[in-house]
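Chemist: Taking the hints into account, I'd like the entire structure generated from these sequences.
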Amino acid sequence: MGSIGSLYRSSVGKKSIMAASGLLLSLFLLTHLLGNSVSFLGRDAFNAYAEKLHSLGGLVYVFEIGLLTLFLIHIITGIILYVENLQARPARYSVNTAEGGRSWGSRTMPYTGVIIIVFIIVHLLNFHFTDKSVPVADLVRGLLSRPPLALFYIVSLLAVALHLSHGAWSLFQSIGFNHDKYNGVLLKGALAFSILVGTVFILIPVLALVSRSFLL
Amino acid sequence: MSDIHLTLKIWRQEGPDAPGRLQTYASGPISTDMSFLEMLDVLNERLTGEGEEPVAFDHDCREGICGMCGAVVNGHPHGPEKETTLCQLHMRHFKDGDTLVIEPFRARAFRIEKDLVVDRSGLDKMITAGGFVSVNTGGAPDANAIPIPQKNAEEAMDAAACIGCGACVAACPNASAMLFVAAKVSHLSLLPQGHPERARRALDMVREMDELGFGNCSNERECEAACPKGISIRNIARLNREFLKAAILSDED
Chain W
1 MGSIGSLYRS SVGKKSIMAA SGLLLSLFLL THLLGNSVSF LGRDAFNAYA
51 EKLHSLGGLV YVFEIGLLTL FLIHIITGII LYVENLQARP ARYSVNTAEG
101 GRSWGSRTMP YTGVIIIVFI IVHLLNFHFT DKSVPVADLV RGLLSRPPLA
151 LFYIVSLLAV ALHLSHGAWS LFQSIGFNHD KYNGVLLKGA LAFSILVGTV
201 FILIPVLALV SRSFLL
Chain S
1 MSDIHLTLKI WRQEGPDAPG RLQTYASGPI STDMSFLEML DVLNERLTGE
51 GEEPVAFDHD CREGICGMCG AVVNGHPHGP EKETTLCQLH MRHFKDGDTL
101 VIEPFRARAF RIEKDLVVDR SGLDKMITAG GFVSVNTGGA PDANAIPIPQ
151 KNAEEAMDAA ACIGCGACVA ACPNASAMLF VAAKVSHLSL LPQGHPERAR
201 RALDMVREMD ELGFGNCSNE RECEAACPKG ISIRNIARLN REFLKAAILS
251 DED
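These protein sequence lines are chains W and S, in that order. Quick note: the first sequence uses my numbering, first residue 1, plus one each step. Quick note: the second sequence uses my numbering, first residue 1, plus one each step.
These are computed hints drawn from the structure, not numbers from a lab. The beta-carbon is built from N, C-alpha and C at its ideal position, and this holds for glycine as well. Careful: at least some of the hints might be erroneous.
Here are the computed lysine-lysine pairs in the DSS-like style, where the Cα-Cα straight-line distance is at most 25 Å [claimed, not checked]: (1) S:K9 <-> W:K181; (2) S:K245 <-> W:K181; (3) W:K14 <-> S:K245; (4) S:K151 <-> S:K245; (5) S:K229 <-> W:K181; (6) S:K95 <-> S:K9; (7) S:K125 <-> W:K14.
Computed, partial: chain W to chain S, Cβ under 7 Å [what the hints assert, rightly or not]: (8) V12; (9) E99; (10) T199.
Modeler: Right, dumping it as C-alpha cells:
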C-alpha cells in the first residue's frame, strides 16, 4: 500500500503531518505550562513536582524519545515545505503588498521556527543536560536571574507565542476542519492559547529577574 | 468625467527566456470612466503610433466572467479593489499622479510568454486530471430526480464561481494553487453527480498540482482576500478533508 509514503510525497499530506505533529507538540506545551505553573506555588511545591517527574523512571525516557521524534518530524517537514515554497516562485515581485489575509504570526512561521529550535537547544543544555542533583528551584533562579539569559528566554518565548498564534488555528484548517459554526471560535481560541502560553512561560524569567522572593 | 495622469511601470519581457524589466511610461490623459484594460488600450494605441511594440496582455470578455485577464497592480492581483477582475476595475479608483507598477502573475508553474501574458495551462491540466464528472449519455433524467439540499447547491454554486484566472496563485506567498483546486473539488464533491469519482478526483488533482510545481498551502489566507469571486478558504479545508479521506481510507491510490 505504502500510503504513508505517498501521503508524505503530496503537499496536502505533508501539511497534515505538520498539523498532527504541531497539535501533539501544542499538547506537550500545555502540560509543560501546567508543570511550570507549580513554581508559582513556591519553592517546595516546585521541587516536589520535579522530584515526582524524575521518579517516573523509564516512562520519562519513553516520553522523551517520543517528543524528540515529534520535533524532528515537525522540523524536517517544515524545512522541506519551506524550500519547496521558495522554489515555487523563482522570480519575485517588484512590489509586494499583502492582501489582508496574512498575520504577523503566519508570515513569520519559518523564522519563529528557527528561533524555537535554537531556544530548545539552549533550554535543554540549561535544564536537561545538567547536574540533576541541584534542586530545580535553585537551577531556575541561578540561570534566569542573569539578565542576558532571561532576556533570551523572554524573546524566544515571544517567538513561541507568535508561532502558536498562527499554528494553533492553521492546524485545524490543514486537517480539513473549518466550519462556519466553529471557525471564529478557533481563530480566537488560537490567539487566546498563544497569549496564555506566552504570558505564563514569560512570567518565570520575569519573576526570576525582578522578584527577590520567587522560588526562595 | 475628469481625466487623470498616471505613471505606469510595466513589466516588459520579449519572450519566455528573455530577461524582463520594468519600463516607465507616462499614461497621458486617462478618463476615470475607463476600465484598467481600456487604459492599457490607450497606451498601446499610442505606442503603436510611435512605432513601439505594444504591451501584451491577456483579455477576453471584459465582463469579469471569463478569467482571461489579470495582472498584478502595485502588488495586488487584479488591482486593489476587492472581488474585482482587472477588466472590471475602473480608473476612478486611482488618483491623479499615482504610480502603478504592473507585473505579470508570478509562479514557477506560470511561464511568462510575453510582457503581462502568462501561460496558465497548468490550471487546465489540473481540471483534466480530475475536475470533471463522467456522465453516460442516454435519455435525459427527470428534473429533480436527484434531491440536493439547498445549502449544498448554494455552496457548490459558490465554489463553481471560480473563473480560473489564477489570482490565487499570484497572491499566495508560496504560489500555491490550492484555492483553485479546492473550488473545483468542492463544487463537484458537494453534488451527488460528483460522488462516484470524489476520491479519485481529490488524489489526482492534488498529485497534478504538486507535479506542476505549485507551492504548498500554508494557510496565509491571501488567496481568499485576492480572489475576484470571493471564494472562501473553507473550500481548502474541504479539499484537505476529501484528500485525507481518499488517501487514508479509500482503495484508490
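Chemist: Hint by hint, note whether the structure agrees.
Modeler: Here's how the hints hold up against the structure:
Proposed proximity of K9 (chain S) and K181 (chain W) is contradicted: the alpha carbons are some 45 Å apart, above 25 Å. Our distance criterion of 25 Å between C-alpha atoms is met by K245 (chain S) and K181 (chain W), whose separation comes to about 22 Å. As the CA atoms of K14 (chain W) and K245 (chain S) are separated by approximately 15 Å, the hinted pair is consistent with the 25 Å bound. Taking the CA atoms of K151 (chain S) and K245 (chain S), the gap is about 22 Å. The hint holds against a cut of 25 Å.
This hinted pair checks out: K229 (chain S) and K181 (chain W) have alpha carbons roughly 23 Å apart, not beyond 25 Å. Restraint check: the Cα-Cα separation between K95 (chain S) and K9 (chain S) comes to about 16 Å, which is no more than 25 Å; the hinted pair holds. Proposed proximity of K125 (chain S) and K14 (chain W) is supported: the alpha carbons are some 22 Å apart, at most 25 Å. Hint on V12 (chain W) holds. Least Cβ distance to chain S is approximately 5 Å, under the 7 Å limit.
For E99 (chain W), the interface hint holds, the least distance from its beta-carbon to any beta-carbon of chain S being 4 Å, beneath 7 Å. About 25 Å separates the beta-carbon of T199 (chain W) from the nearest beta-carbon of chain S, more than 7 Å, and the hint is not met.
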